[in-house]
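Colleague: Here is what each chain is made of, one letter per residue.
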Amino acid sequence: MKLIYERSQRGRRAGRPPRPDLPTPDVPPELRRSEPPRLPEIAEPDLLRHFTQLSTRNFGVDTGFYPLGSCTMKHNPRVNERLAMLPGFRDLHPLEDEGHAQGALRLCHELQEALAEITGLAAVSLQPAAGSQGELTGLMLMHAYFADRGEDEQRRKVVIPDTAHGTNPASVTMAGYELTHVQTDPRGNIDVDDLRAKVDEHTAGLMITNPSTLGLFDENIEEITRIFHGAGALMYYDGANLNAVCAISRPGDMGFDIVHINLHKTFSQPHGGGGPGGGPIAVAKRLEPFLPAPAVVRDGEHYGLDYDRPKSIGKVRGFYGPFGVFVRSLAFIRAYGPQLREMSEVAVLNANYVLARLKDAYELPFDRLCMHEFVLSGRRLKHEHGTSTLDVAKRLMDYGFHPPTIYFPLIVPEALMIEPTETEAKETLDAFADAMLAIAREAAEQPELLKEAPHSTPVGRLDEVKAAKRAIVRYGFEEHPDLSAEPAAAVGVEAPKGA
Amino acid sequence: MSYLALTDADRDAMLETIGVASIDELFAELPEGVRFDRELALPPALTEQELTAYFAELAAANERPDVSFLGAGLYDHYVPAVADAVLQRGEFLTAYTPYQPELSQGVLQAIFEYQTAICELTGLDVANASGYDGTTVAADACFVAKHATGRSKVVVTEATGPQIRQVVKTYAPGFGLEVVEVPHRDGATDPDELREAAEDAACVIFQQPNFFGVLEPAPDLAAAAADAGALPVAHVDPISLGVLEAPGRYGCALAIGEGQSAGNYLSYGGPHYGFLAARSEFIRRMPGRIVGETTDAAGNRGYVLTLQTREQHIRREKATSNITTNQTLLTIAGLVYLSWLGPQGLREVGETCMALAEYAKERLDLPPAFSGKTTFKEFAVRVGRPAREAIREALERGINPGYPLGRDYEGMDDVLLIAVTERRTTDEIDRLAEVLGR
Chain A
228 MKLIYERSQR GRRAGRPPRP DLPTPDVPPE LRRSEPPRLP EIAEPDLLRH
278 FTQLSTRNFG VDTGFYPLGS CTMKHNPRVN ERLAMLPGFR DLHPLEDEGH
328 AQGALRLCHE LQEALAEITG LAAVSLQPAA GSQGELTGLM LMHAYFADRG
378 EDEQRRKVVI PDTAHGTNPA SVTMAGYELT HVQTDPRGNI DVDDLRAKVD
428 EHTAGLMITN PSTLGLFDEN IEEITRIFHG AGALMYYDGA NLNAVCAISR
478 PGDMGFDIVH INLHKTFSQP HGGGGPGGGP IAVAKRLEPF LPAPAVVRDG
528 EHYGLDYDRP KSIGKVRGFY GPFGVFVRSL AFIRAYGPQL REMSEVAVLN
578 ANYVLARLKD AYELPFDRLC MHEFVLSGRR LKHEHGTSTL DVAKRLMDYG
628 FHPPTIYFPL IVPEALMIEP TETEAKETLD AFADAMLAIA REAAEQPELL
678 KEAPHSTPVG RLDEVKAAKR AIVRYGFEEH PDLSAEPAAA VGVEAPKGA
Chain B
57 MSYLALTDAD RDAMLETIGV ASIDELFAEL PEGVRFDREL ALPPALTEQE
107 LTAYFAELAA ANERPDVSFL GAGLYDHYVP AVADAVLQRG EFLTAYTPYQ
157 PELSQGVLQA IFEYQTAICE LTGLDVANAS GYDGTTVAAD ACFVAKHATG
207 RSKVVVTEAT GPQIRQVVKT YAPGFGLEVV EVPHRDGATD PDELREAAED
257 AACVIFQQPN FFGVLEPAPD LAAAAADAGA LPVAHVDPIS LGVLEAPGRY
307 GCALAIGEGQ SAGNYLSYGG PHYGFLAARS EFIRRMPGRI VGETTDAAGN
357 RGYVLTLQTR EQHIRREKAT SNITTNQTLL TIAGLVYLSW LGPQGLREVG
407 ETCMALAEYA KERLDLPPAF SGKTTFKEFA VRVGRPAREA IREALERGIN
457 PGYPLGRDYE GMDDVLLIAV TERRTTDEID RLAEVLGR
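Chains as they are written, first to last, in my numbering: chain A, 228 to 726; chain B, 57 to 494.
In isolation and in its complexed conformation, chain A is listed as follows:
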């Protein structure tokens, strides 16, 4: 399909801004644009056709089942889109006088209160833009908390399990902490003996997801909390898997001091092909003074912004956070109310059902009931038939499904991480399980079907090695290279996809 720049014709256009009858001001010559940017020149009908055609070459939750583990690809209620586009929200400037923004501030406050209740913690900041920024903010809070106690120089280490999302270690580095790894035990829990040996007066905190990326609830969570709090360290909860435990088990009650919440996972902000998201953090009372400023506060019937936070870490993004995301997430929470528990229950039921249907055909590394997601290994298919997890994933596309997260977590070879979410019907789960079983049979009978998959997508398997080597990252106009004339690399790059 053509790039929009290849549809462009000089002099063609769609939009026209108003041109009031006023003189055009001069720009000093040394600051004036010397050559116009080569933006697309296209009429509106073809502009819309271009993007409509692009959309038909994309797969979303609206297209079909999307069991991408750790990403919580649930239904995105359309009413939430309509609410976020109400002019009173959509066209509100963040610097508008507080008295003229009472509805927006009240909405922020209600979301803060709801998230505090759901996480079991005292205070919430909505500012972080995404989960990974929530992590970074949480680690900055650790620094600020220990600096306030005179212990920041001493406590340099953050402990992370080997099942952690890649964002956790990356955030630790960005926050200027050192990383300590802890292992997973044979039941899929954190290895408590290993942990105990690694936590001391130099430890600032622990970062984990619970349930873990294996989809397992850590059975020793109370002991883990005792170890960290006993050493004077803090507990950080990566809320990526919160969808499993709403109203079932709260991070604050497990002993966590800092939690980030992925509004784009649990609370249904659409993922938008990569974003936007929202990564609010909830904290225990002793960490509240350090939260980003401003805070949204309530005084009787009046809502306001409190900038007077002398111990605050500062600001991690502009203004108060991704407000449009707050509208959608609060709408989602208000739709369920206390029945959020049922949401998590069904998420866990759906996952266990698919697990029960697949565990004989694929290997289950930890034979337990799962939470909202589970991890299978495709190792046996690889050994017996030479078909990799990547091949299974690509073949699933031919059956009309988005593949699960693959090659993650790293401790499971040929991993397939499957998260059905609560919004799927049994027929959909059955159709997916049937496809996975059929693919396991195909691996034995016609392995080439898998190795050459997908067969039904707009393009076949793409040459990622060539892409990285040549790094063609923008259209080159007259000088744009023709990559089809260049030799292809062997296909099958095995890298984590998802999470």
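No wet-lab data here; the hints were simulated from the structure.
Note that the structure is predicted; figures quoted are calculated from it, not measured.
Heads up, some of the hints might be wrong.
[What the hints assert, rightly or not] What follows is a list of derived Cβ distance ranges for each label pair:
1. Ala424(A) <-> Ala279(B): 36 to 42 Å
2. Ala109(B) <-> Arg383(A): 50 to 56 Å
3. Thr283(A) <-> Gly232(B): 45 to 51 Å
4. Tyr134(B) <-> Pro250(A): 18 to 24 Å
5. Gly403(A) <-> Tyr134(B): 39 to 45 Å
6. Gly428(B) <-> Thr283(A): 52 to 58 Å
7. Glu380(A) <-> Pro423(B): 47 to 53 Å
8. Asp140(B) <-> Pro714(A): 39 to 45 Å
9. Gly232(B) <-> Lys538(A): 17 to 23 Å
10. Ala112(B) <-> Glu271(A): 28 to 34 Å
11. Lys512(A) <-> Ala65(B): 44 to 50 Å
12. Glu257(A) <-> Glu418(B): 22 to 28 Å
[To be verified] Listed below are the simulated PhoX-like cross-link pairs for lysine-lysine, each with C-alpha atoms no more than 25 Å apart in a straight line:
13. Lys678(A) <-> Lys609(A)
14. Lys696(A) <-> Lys374(B)
15. Lys512(A) <-> Lys384(A)
16. Lys586(A) <-> Lys653(A)
17. Lys374(B) <-> Lys384(A)
18. Lys374(B) <-> Lys425(A)
19. Lys538(A) <-> Lys384(A)
20. Lys417(B) <-> Lys429(B)
21. Lys538(A) <-> Lys225(B)
22. Lys696(A) <-> Lys229(A)
23. Lys609(A) <-> Lys586(A)
24. Lys225(B) <-> Lys384(A)
25. Lys538(A) <-> Lys512(A)
26. Lys586(A) <-> Lys678(A)
27. Lys678(A) <-> Lys696(A)
[As the list claims (entries may be wrong)] Pulled from the structure, derived: some chain A residues nowhere near chain B, Cβ distances all over 10 Å:
28. Gly531
29. Lys609
30. Ala658
31. Glu672
Glycine included, each C-beta is placed from N, C-alpha and C at the ideal position.
Given chain A, put chain B in place with the hints provided.
Modeller: Coordinates of chain B only, in the frame set by chain A:
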């Protein structure tokens, strides 16, 4: 209301397949001590109709003025209907990050086209598929510069937006960076002063137009930074780049900015997109997603996430950033907007903003806060009394006249920062003049 799909019969059948008697049994492994044993204290569930009514009430409680001249970082530019139409396509809206390229060619190609548009606007070689907003990309740029130069000081001009500076300072300790600010001189930055501050610095960040709306001597600032061996980084407004020179053309190593002006609604501060572009030599140090072109085995052209060995899911603690979720959908709105305008339309928007701003200066006839400066769409005037007072009075008459600069800068309590976009009319400006006149 819930968005669940299972019937009671489905649940029974599924529990039987799993081999448990009840949903509670699925949670048997949870230690007793951490089980939540009451109902969540949340307001009762609402139907879609009730939700709509409740949120309409909240939206209506935001009593926006009839006309607003607020800017100070986010601006009331027109968002065309085609941007809404494209963003409502469920295939874009409800997709995840395009890890599986065969099912994601739509988003991947759109990102590739967006990267191209940002490169064209900035005059640079490579753009990422977005940072969170116009503040966090400044911190990202510092991180790139630190690793590219091995230096640990960064310089930011005081005339750069206060929130941008605050975010850089919040990130700095973790990055091991020292932040130095260079004061403005009557609303603009002095290149000689900047050169001195830039000694041993990894980068210099300046804003064009700056927070006061003033056009900085940007080529001189970039040259001053480069003289000192620091990477020049321009924070630019995309709307200005049909009229103002591309940062890459005057020697900037990186260009960053807030994308909201181009295609996103104000939305009380977000979500929007931050853009980051660089010369090609920095490509392997860049944070965030980058889409590249390639082919499939049959030679068909296609797009993939590329250079992923920079990223957290591969490199973990050695990654160039922790960023994962970004602002892709908002960048698609940006691409649609820029395509809708084209090069001519973008220049015209810039010219209209400037023309209306000049008209406003003339009509207001208030002393400029900074003398003899060329401005773009925003300008600062002295209102002869506390600006907050002038704002309060204007609000009572249905107009928000602008932003009080005294909030962030000393000695400017009587200064009002007024933003004039192409959405303002001469009639509205006349009304502003009437309200601000005494």
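Colleague: Does each hint fit the structure? Answer for all of them.
Modeller: Checked hints:
For the hinted restraint 36 to 42 Å between Ala424(A) and Ala279(B), the CB-CB distance of approximately 56 Å leaves it violated. At roughly 53 Å, the beta-carbon separation of Ala109(B) and Arg383(A) lies within the given 50 to 56 Å, and the hint holds. Taking the beta carbon of each, Thr283(A) and Gly232(B) are about 47 Å apart, inside 45 to 51 Å as hinted. Against the hinted window of 18 to 24 Å, the Cβ-Cβ separation of Tyr134(B) and Pro250(A) comes to about 22 Å, which satisfies the hint.
The beta-carbon spacing between Gly403(A) and Tyr134(B), approximately 43 Å, falls within the hinted interval of 39 to 45 Å. Range check, Gly428(B) to Thr283(A): Cβ separation about 55 Å, and the 52 to 58 Å hint holds. At about 51 Å, the beta-carbon gap between Glu380(A) and Pro423(B) stays in the expected band of 47 to 53 Å. Range check, Asp140(B) to Pro714(A): about 44 Å between beta-carbon atoms, so the 39 to 45 Å window is met.
Between Gly232(B) and Lys538(A), the C-beta spacing of about 22 Å keeps the proposed range 17 to 23 Å intact. Between Ala112(B) and Glu271(A), the C-beta spacing of about 31 Å keeps the proposed range 28 to 34 Å intact. For the pair Lys512(A) and Ala65(B), the beta carbons lie near 46 Å from each other, so the given range of 44 to 50 Å is met. Checked against the hint of 22 to 28 Å, the C-beta distance between Glu257(A) and Glu418(B) comes to roughly 25 Å, which is consistent with it.
Restraint check: the Cα-Cα separation between Lys678(A) and Lys609(A) comes to about 11 Å, which is no more than 25 Å; the hinted pair holds. Only pairs whose Cα atoms come within 25 Å are accepted, and Lys696(A) paired with Lys374(B) is accepted, the gap being roughly 21 Å. Taking the CA atoms of Lys512(A) and Lys384(A), the gap is about 23 Å. The hint holds against a cut of 25 Å. This hinted pair checks out: Lys586(A) and Lys653(A) have alpha carbons roughly 18 Å apart, not beyond 25 Å.
Proximity of Lys374(B) to Lys384(A) is assessed by CA-CA distance (about 16 Å); at most 25 Å being required, the pair is judged to hold. A C-alpha spacing of about 22 Å is found between Lys374(B) and Lys425(A), which places the hinted pair at or below 25 Å, so the restraint holds. The hinted pair formed by Lys538(A) and Lys384(A) meets the criterion: a straight-line CA distance of about 22 Å does not exceed 25 Å. Using a Cα cut-off of 25 Å, the hinted pair Lys417(B) and Lys429(B) holds, with the two alpha carbons roughly 12 Å apart.
Taken as a hint, the Lys538(A) and Lys225(B) pair is honoured in the structure, with Cα atoms around 14 Å apart against an allowance of 25 Å. With a CA separation close to 23 Å, the supplied pair Lys696(A) and Lys229(A) stays within the 25 Å bound. Among the hinted pairs, Lys609(A) with Lys586(A) is consistent with the structure: their alpha-carbon atoms are about 16 Å apart, no more than 25 Å. Between the alpha carbons of Lys225(B) and Lys384(A) the distance comes to roughly 22 Å, so the proposed pair stays at or under 25 Å and holds.
Proximity of Lys538(A) to Lys512(A) is assessed by CA-CA distance (about 14 Å); at most 25 Å being required, the pair is judged to hold. A threshold of 25 Å between alpha carbons decides the hint, and for Lys586(A) with Lys678(A) the separation of about 22 Å falls inside it, so the pair holds. Straight-line distance between C-alpha atoms of Lys678(A) and Lys696(A) comes to about 24 Å, which keeps the hinted pair within the 25 Å bound. Non-interface call for Gly531(A) relative to chain B: holds, since the shortest CB-CB distance, roughly 14 Å, exceeds 10 Å.
Distance to chain B confirms Lys609(A) as a non-interface residue, since its nearest Cβ pair spans about 19 Å, more than 10 Å. Distance to chain B confirms Ala658(A) as a non-interface residue, since its nearest Cβ pair spans about 13 Å, more than 10 Å. The claim that Glu672(A) is not at the interface with chain B holds, since no C-beta of that chain comes within 10 Å of its own (minimum 23 Å).
Comparing the model with each numbered hint stated earlier shows that hint 1 is the single one that does not hold.
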